[in-house]
Amino acid sequence: MELAQVRLLVTDFAACYRFYGEVLGLKPQSGAADGPYEKFSPAVGSAGIALQDRSMMAEVLDELGDTAEGHRSLVVLRVDGLDAYCEEITMRGATVLHGPAPMTDRMRVAHLKDPEGNLVELQEWLLLRG
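Going by UniProt numbering, the residue at position 100 of the sequence shown is 100; the numbering climbs one at a time, nothing skipped.
Quick caveat, the hints were computed from the structure, so don't treat them as lab data.
Watch out, some of these pointers could steer you wrong.
Just the calculated beta-carbon pair ranges, DEER-fashion [to be verified]:
| hint | residue 1 | residue 2 | range |
| --- | --- | --- | --- |
| 1 | 36 | 105 | 27 to 35 Å |
| 2 | 33 | 105 | 35 to 43 Å |
| 3 | 29 | 95 | 20 to 28 Å |
| 4 | 101 | 30 | 31 to 39 Å |
Where is the CB? At the ideal position from N, CA and C, for every residue including glycine.
Work out the full structure, taking the sequences as your base and the hints as a guide.
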């Protein structure tokens with residue numbers, strides 16, 4: 001088994017596309033800024049985040065409805081230089097809700113939300129520093 005992607009069901013596709021592409025700096029696979037689907041990848045690693053228009057998926061699974069309530073996901077991205085990255089994405093429109101701060105003796109984190117309210121955790125792994 002191989003993890004192909006984490007897919008977020010979103011209602012404002014354009015705002016989420018901008019957030020993951022322009023604000024967080026992930027690379028879109030096809031450039032489909034109007035949706036209904038796009039996969040984003042970091043510069044390194046094989047994991048990806050995909051966006052899918054929620055109404056498109058609701059046509060397949062009626063139980064989804066048009067809107068989600070409460071936190072349904074947490075996207076985790078590992079970054080080097082957490083403080084500098086947080087400054088960079090803040091200048092591009094992100095609002096950091098928490099951190100950067102230690103989570104354990106092995107990791108520092110910061111938290112923010114995308115335009116749909118999905119939580120994003122940025123992790124800096126301290127063990128990799130040696």
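TODO: Could you tell me which of the numbered hints above are not met by this structure, giving the numbers in increasing order?
DONE: Hint 1 contradicted; others consistent.
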